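The listed protein sequences derive, respectively, from chains A and B. Residue numbering for the first sequence follows my numbering, beginning at 890 and increasing consecutively. Residue numbering for the second sequence follows my numbering, beginning at 779 and increasing consecutively.
Possibly wrong hints are sitting among the right ones.
Between beta-carbon pairs, the in silico distance windows are [what the hints assert, rightly or not]:
1) 1131/A <-> 1150/B: 17 to 25 Å
2) 913/A <-> 880/B: 49 to 57 Å
3) 1092/A <-> 880/B: 22 to 30 Å
4) 881/B <-> 1047/A: 30 to 38 Å
5) 866/B <-> 971/A: 30 to 38 Å
6) 1216/B <-> 957/A: 53 to 61 Å
7) 1258/B <-> 957/A: 49 to 57 Å
8) 960/A <-> 900/B: 17 to 25 Å
9) 1222/B <-> 956/A: 29 to 37 Å
10) 1101/B <-> 943/A: 49 to 57 Å
It is worth saying that the hints were derived from the structure and are not from the lab. Source: prediction; values computed, not measured. We treat Cβ as the ideally placed atom computed from N, Cα and C, and that holds for glycine.
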Amino acid sequence: MAVSALPARDAPLATSTRTVSRRRAVRRFKLTLLLPLIGLFLFLLTPVLLLQLYFSVHQWTVYLSSWWDADYVCLDLFRDVLTDPRFGWAVVRSLAFATGSTIGCFVFGFLLAYLMYKPFHGQAIYYVIFILPMLTVPVVVAYTAEMLLYQNGPINDVISILLGVDFKPSWLTNPHIALFTVACLEVWNWTPFSFIIMLAGLSAIPKEPIEAAEILGASKWRIFWEVQVPLLRPVILLALVLRFLEAMAEFPKTWALFQGGPGSATETLPVYIFMTTWQYFEISKGAAMSYIVMLLMIVIVLVAIQLLRREKRSLDAMYEQGAKETEA
Amino acid sequence: MGKFDISRRGFVQGGLGLTMANFVPGTTPFAQAATMEESTIAAAKAAGPAGVNGMIWSPYLVPMQPVIAEFQKQTGIGIGAVQDISIFDAPQRAMAEALSRSPQFDFIHIDSNMIPSLVSAGYLEPLDEYIKKANFKFEAVGDYGSFMTYGGHTYGVPTDGNVHIQYLRKDLVENPDNKKRFADKFGKELKFPETWEENLRLQEFLMDPSKDLYGSGNLRNRANGVTWWYMIFYSAGGFPFDDDMKPTLDTPAGQYAVDIYLQDKKVNHPEAANWGTPQMIPRIAQGHVVSCQYWDGTAKLNENPEKSKTTGKWLYGLVPGSDFSGKRMYRSISSPLAAILINKYSPRKAQAAYLALWLGSGKNSIPIVTDPVNTFNDAWSTEHMSSPLVKKAYSPEGVKAIETNFKVVAPPIYLTGYLEFQDALGKNLSEAYVGQLPAKDVLKKTEQEWAGIIKRIGQSKLKKDLASYKAVMPKRDTPA
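Start from the sequences and build out the full structure, keeping to the hints where you can.
In structure tokens, the structure reads:
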């Protein structure tokens, strides 16, 4: 082999040169793969962002002039948006909706994944059943739910029979629970997403730590909390972040069921932005709103990335320490 | 052979006959110029054959298809590609088309109250020239034809009257037991209501929630509820702006309308706050409603025994009025008033315009407004009012009610920015209906929001629009 043919004193130098050259090759390969994607991304996204930026600093009244004749208003529209109480409430509603539905999706998704990660007879059928809601078009979910959720509808009837009481909440007309109704539908629709991620995470956990804990006599509950959950933390975080971001943008079900009503109970950020832009035709204000929401989402994503990195580092450290202890 | 078919021989013979008749003294009336439909065909032929593309909701298009097929046979102008978009989503899509100056659609089928906004956005083609060439006349009942005009030009052809009429359960009102109980309780006769107050009292008296029978079938959801509010407001003598385009909602007439509007809560279904037509129309037809003001097409559904449990059980008439202004005033409403509008940027605008005029002739539109399954296109023409087919579809009483209400029909906000104004009001009314906003704040808050809209669109521009808005308001207080 070439390495053994080298004189002993030259070997470290050669290894170092080779490492450097290999790193460069890897970097080149990465760039070769990434550059076209970055180029395409910039090509598609930059004009949109620039146009949006233009609109957000120009007051364009669609009935009076063409967009290139719009008046420059500097940051006035951003100030308008940030002082608009309706926008503030839309942010609150969206955050509440996204937080609630994300937790719901995660809890049910994790539960299903935990039941499913060990092979058993007929497992494939359950996979299909559990994934089906995610394959249902959100608007269809909304219209179907509308038929089921009337005060005298089948859902309330079934719950009444099960509980033995007259259970008649107005899921679709009570402004205090309308957002909760959409959150429940979101949970039903997107639990499979969390299920798939958590199933992948659970299946990837090495068996050794669990077997070691079992040999040491740990209970199932303790193994779950002290072995599986810590090992799953990066996956859990990923599932939560992705679902949260997706839930912040939920529009079809909310619009199909409520169009922001009853009253303004379901006027979330996507609904309010849509209404501002395409119901009130305030394209400029809508653009400013979208920018603010985009910044909010960027902050959330950056925090999430930091947390993910930290989780990965601590997990790597844990594995490293485990390996050292095994070696010792 | 379709009922519109005219053979070449027949056409030539007819033409020769009419020409000869012209020379016979005293027979001039029999030798008149071509009919409106024939003139439309002639003008369309001159424009040349084409397949026109449009945006239209399929329930509206389906009953039009045989009439369009006949036009195509005679002129070579037919439908090309169609985008099936709900009339409730069409305004947003149309505005997007307007802003991009897209020639994609040759025509759009949309709520005609969008005319001011779409004209201001530069999208609509005036139809005056085509109307002149086709010798077309709007045979609309009352002042209804003026709803298609804005700034002195005509921009649309109606296909759907969509006027609100009063519905009242005949079997309940004429029940002797109910009559006696009502007379005993109120010292008055139980009869068709003439005012909003009478209507509410009657609804409250006849409703029986234990039998799933509610007093009202009016809509109170965020998107549609506001349509009912206009009727009450206008009938109380209110008008939403003064001559200087300052909002005049927060007035005694406005507060009266809010009060009547919200009182519906005690007689309507508990879930009405989020119900639209898909929920309410079946309830009306299946007998769960005592009375309501509703779009006239529902009469057609009610009177269809295959789809309704209440055939023959309805009284139809004029919507309630109000004495609030010191004199009795009635105001019905037509919204959304579905009409065909033509895209200014279309390369086939002439063909699209003539197709619209063909569909808008009273005679041609009879099969469209009488379709028993796709009941979206409702009667509106004077010719419809005397047609036996229309009377059969809506019942003679239904047709009479439609005609009566058309005489006092008003539009919603007929200004540039219609959707913006309407949604602000609709949202606040809806908030009050579900208890999120005190009733007394509804109009104050709406006026503040409207002031922002007026500032953005421009007071001077809207002041010009105001003339068109006032021009389409009914000229009489009562239909008589």
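These are the hints, each one checked on the structure:
1. 1131/A <-> 1150/B: 17 to 25 Å: violated (50 Å)
2. 913/A <-> 880/B: 49 to 57 Å: Given a distance of about 51 Å, which is inside 49 to 57 Å, the answer is holds.
3. 1092/A <-> 880/B: 22 to 30 Å: violated (50 Å)
4. 881/B <-> 1047/A: 30 to 38 Å: The hinted range 30 to 38 Å is violated for residue 881/B and residue 1047/A, with Cβ atoms some 53 Å apart.
5. 866/B <-> 971/A: 30 to 38 Å: holds (31 Å)
6. 1216/B <-> 957/A: 53 to 61 Å: Given range 53 to 61 Å: violated, Cβ gap about 44 Å.
7. 1258/B <-> 957/A: 49 to 57 Å: This hint holds: roughly 54 Å between Cβ atoms.
8. 960/A <-> 900/B: 17 to 25 Å: holds (18 Å)
9. 1222/B <-> 956/A: 29 to 37 Å: At 34 Å between Cβs, range holds.
10. 1101/B <-> 943/A: 49 to 57 Å: holds (55 Å)
Of the numbered hints listed earlier, those contradicted by the structure are 1, 3, 4, 6.
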